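> If you're matching them up, the sequences are chains A and B in order. Going from the first sequence to the working numbering is simple: count from 1 and add 293. Going from the second sequence to the working numbering is simple: count from 1 and add 12.
Source of the hints: derived by calculation from the structure; they are not laboratory data. Keep in mind the model is a prediction, meaning the values are calculated, not measured. Yeah, the Cβ is synthetic: ideal placement off N, Cα and C, and Gly gets one too. Some clues are possibly wrong.
[What the hints assert, rightly or not] With a straight-line cut-off of 25 Å between C-alpha atoms, the simulated DSS-like cross-links for lysine-lysine are: (1) Lys602/A with Lys332/A; (2) Lys50/B with Lys298/A; (3) Lys22/B with Lys538/A; (4) Lys298/A with Lys33/B; (5) Lys302/A with Lys16/B; (6) Lys558/A with Lys333/A; (7) Lys22/B with Lys302/A; (8) Lys50/B with Lys316/A; (9) Lys538/A with Lys33/B; (10) Lys302/A with Lys62/B; (11) Lys311/A with Lys22/B; (12) Lys33/B with Lys302/A; (13) Lys588/A with Lys602/A; (14) Lys16/B with Lys62/B; (15) Lys62/B with Lys316/A; (16) Lys37/B with Lys311/A; (17) Lys50/B with Lys16/B.
[As the list claims (entries may be wrong)] Among the chain B residues that face chain A by a calculated CB cut under 7 Å, a handful are: (18) Gly29; (19) Ile47; (20) Gly52; (21) Leu54; (22) Thr56; (23) Ile73; (24) Ser74.
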Amino acid sequence: MRCRKCDQKAVINMRHHKLALCKEHYLEWFVAQTERFIKKYRMFGREDRVLVAVSGGKDSLALWDVLWRLGYQADGLYIDLGIDGGFGYSRESKALTQAFAEERGLTLHIVNVLGEYGATIPEMAQLTHRGKGKPCSVCGLVKRHEMNRIARDLGYTVLATGHNLDDEAAVLFGNTLTWAAGYLRRQGPVLPASPGLARKVKPLFRFYERETAAYALLRGIRYIYEECPFSVGAKSIYYKQLLNKLEADRPGAKLQFYLGFLKAKEEGLFAAGKETVPRMHTCPVCGQPTTAPGKCAFCRLVERVEERKELRIKNEE
Amino acid sequence: MPAKLILRNKTYEVPHGITIKQALKQLEIPLEEVIPTKDGELVTEDTHLKDGDVIRLVAVISGG
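Bound conformation, chain A alone (with noise of 0.2 Å):
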């Protein structure tokens, strides 16, 4: 197979596209796309101080190393989650982003989760008895809650995540499914600013995981290969190779189907029903916005582990 562009042999094929690309061309087309997106669905511009979400993952550090060489203010945030899985997955995943961020001169902030609030995410789902034996929907809220507060401590106006094509399509699979109307009317690329909480945007949103793997391995990005382990059984990884399957007879159809979504949202298919938008109040105890009066999620989650923790001491006492 032969590049589209210069006849070289191409390095991949994008059935969706049809359009193959060599080496040198993919990665120039891949920043090249990534920049039209960030324009045509106003994500941030030169002005912005953009804050990326960083995991240490190809997807993540992709979209790093893109807005870096497009030269966005952009800095990297690390979240320590001190999840091990028997092979160190956080700090592997931690060294290889910060050897990303020194080779490149950039800067990164990193949250250390059990030097702030004294756990780990596995300790803190295990001392609350959330999540059935996975951490997954603890691990949400605590990155939720530190990504919106260090961008707003920092003064960042942008919180930038490495989303891809894929991960969006198995998200709005699974919110199809249950007719989740609250998250579909959600979901999409930007996430606009609100009091207190900066604006959220997905860059890498169109383009399929297979590309952006293609992208960090072109461009010789260390990133971790293996999977946080508990992401074994996840649904969206199911819901993914549900996808992959119809994708394999109907190249295109996890773009279209993700597409469709955007622009049957645009023209007024989920217009707000008896679901009105929820007040929101302040937390006393961080300052973040939450959806009822009092303390919000994440400051009740900390306060169950601090309790926890003393309860156990005593106990052992």
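Given the structure of chain A, go ahead and fit chain B onto it with the hints provided.
Chain B only, in chain A's frame:
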């Protein structure tokens, strides 16, 4: 000598002469979920497998 495809430390043997796409189909590995590489370089799925070729498949699905 057959060609080898390696995915996450698991090695599969396939006859040479067929394409990577055909080999993946035989092994029921979805093309959407892997990137084939040969000698550290990315290769497209229409590449014909030669005698003794070793193709490393990089898994791309992540989630949780």
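> Within 25 Å, alpha carbon to alpha carbon, are Lys302/A and Lys62/B?
17 Å, holds
> Does Lys588/A pair with Lys602/A here, judged by a C-alpha cut-off of 25 Å?
Distance of about 20 Å is within 25 Å: holds.
> Please verify whether Lys602/A and Lys332/A have alpha carbons no more than 25 Å apart.
48 Å, violated
> For a C-alpha distance cap of 25 Å, please report whether Lys50/B and Lys298/A respect it.
Distance ~23 Å between Lys50/B and Lys298/A Cα, so the pair holds.
> Under 7 Å, Cβ to Cβ, is where Thr56/B needs to be relative to chain A, so tell me if that hint holds or is violated.
This interface hint holds because 4 Å falls under the 7 Å limit.
> Has the given pair, Lys50/B with Lys16/B, been kept, meaning a C-alpha gap of at most 25 Å?
11 Å, holds
> Taking 7 Å as the limit, does the beta-carbon of Ile73/B come near enough to a beta-carbon in chain A?
Since the shortest Cβ distance to chain A is 6 Å, the answer is holds.
> Hey, does the Gly29/B contact hint survive, CB to chain A under 7 Å?
18 Å, violated
> Please verify whether Lys22/B and Lys302/A have alpha carbons no more than 25 Å apart.
28 Å, violated
> Quick one, is the Ser74/B hint okay against chain A at 7 Å, beta carbons?
Since chain A brings a Cβ to about 6 Å from Ser74/B, closer than 7 Å, the hint holds.
> If you draw a straight line from the CA of Lys298/A to the CA of Lys33/B, is it 25 Å or shorter?
Holds. Lys298/A to Lys33/B sits at ~23 Å (cutoff 25 Å).
> Tell me if the straight-line CA distance from Lys302/A to Lys16/B falls inside 25 Å.
Holds, because 22 Å separates the two Cα atoms, which is no more than 25 Å.
In this structure, the hints that do not hold are numbers 1, 7, 11, 18 and 20, in rising order.
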